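**Q** With the numbering used here, you'll find the sequence shown wraps up at 250, consecutive numbering, no jumps.
No lab work stands behind these hints, which were simulated from the structure alone.
None of these values were measured; they are calculated from a predicted model.
Be careful, since some hints might not be right.
Said to hold, decoys possible - Listed next, with one range per pair, are the computed distances between beta-carbon atoms:
1) LEU226 x VAL159: 24 to 32 Å
2) VAL159 x GLN229: 39 to 47 Å
3) ARG143 x TYR169: 36 to 44 Å
4) PRO141 x PHE182: 25 to 33 Å
5) ARG135 x GLN164: 18 to 26 Å
6) ASP162 x ARG245: 26 to 34 Å
We put the CB at the ideal spot given by N, CA and C, even for glycine.
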Amino acid sequence: MLTEPRRRAVLTAMQVDCWLPRTPLPFAPPPRAHMLNATQRAHVVKKSNEPQTVAAAVRRESADKARLPLAVPTKPAKKRPSVKANALSAPHFSLQLLRAGDCLLLLDCPYGEFLQSREPAYLLLLDISRAAQLPPPRPVGEPVSWPLLANSKVAQDNQAARDYVQGFIRTQQEAQFSACLWLLGADALRFAAGGEAAVFHELYIEGLCNAWVLPALDELLAQQALKAKLWQSMQRVMRRWKADD
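Given these sequences and hints, build the entire structure.
**A** Written as structure tokens, this is what we have:
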């Protein structure tokens, strides 16, 4: 058992200034009253400060909420037509304009390119022009592909496409007289005439000329019965470009 002088020496070696055992030590001197009082006061002060800390935190939170700005209702912003919406509303087609004598031919280009010289559709077109007593058709410029511009804010709807196609045809008419406009295909009819008409019938396009509505070349190739109807209709319409004979 350690004596008091030896215990103090051990505490000093351990750099412990004060040590209060949990249970009374045998042969230990009575505890120092001023150390016990200081410990008790610190414990009481700590407990008394806890409610004040919580109350202060509640007051600070209330003050912060009071300082928050009130939400002001805002007017909904007007939606502007997006570029993507314009692109979705624009029709997609390709048309090729050709000239054969006094006739202009506007035909659908399903693949966006003019027909090759060995394609069955092109050979059929040569046969039709030969039967109509016209020279071989020659392309007028590049195919008209719509929409013209990708991701454009300019209107590219059906009306804009129709105005563009009709303006292109009108320019060719002013450059050289055209007695009749052949419309081969649904897109050619839709964007050149701006309406609907039965195939193998004639119609007048205001501001342009008389037009002859025909099926697309692909339809004529797929349905052989249409060729007979084409020949019968041609006998009636041929007078427009053969009037001087």
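**Q** Does each hint fit the structure? Answer for all of them.
**A** Hint by hint, here is what the structure shows:
For the pair LEU226 and VAL159, the beta carbons lie near 37 Å from each other, so the given range of 24 to 32 Å is not met. Distance hint check: the CB atoms of VAL159 and GLN229 are about 44 Å apart, consistent with the given range 39 to 47 Å. For ARG143 and TYR169, the hinted distance range of 36 to 44 Å is not satisfied, since their beta carbons lie about 22 Å from each other. The hint said 25 to 33 Å for the Cβ distance between PRO141 and PHE182, and at roughly 19 Å that hint is violated.
A C-beta distance of roughly 37 Å is found between ARG135 and GLN164, which places it outside the suggested range of 18 to 26 Å. Range check, ASP162 to ARG245: Cβ separation about 33 Å, and the 26 to 34 Å hint holds.
Checked against the numbered hints given earlier, the structure breaks hints 1, 3, 4, 5 and satisfies all the rest.
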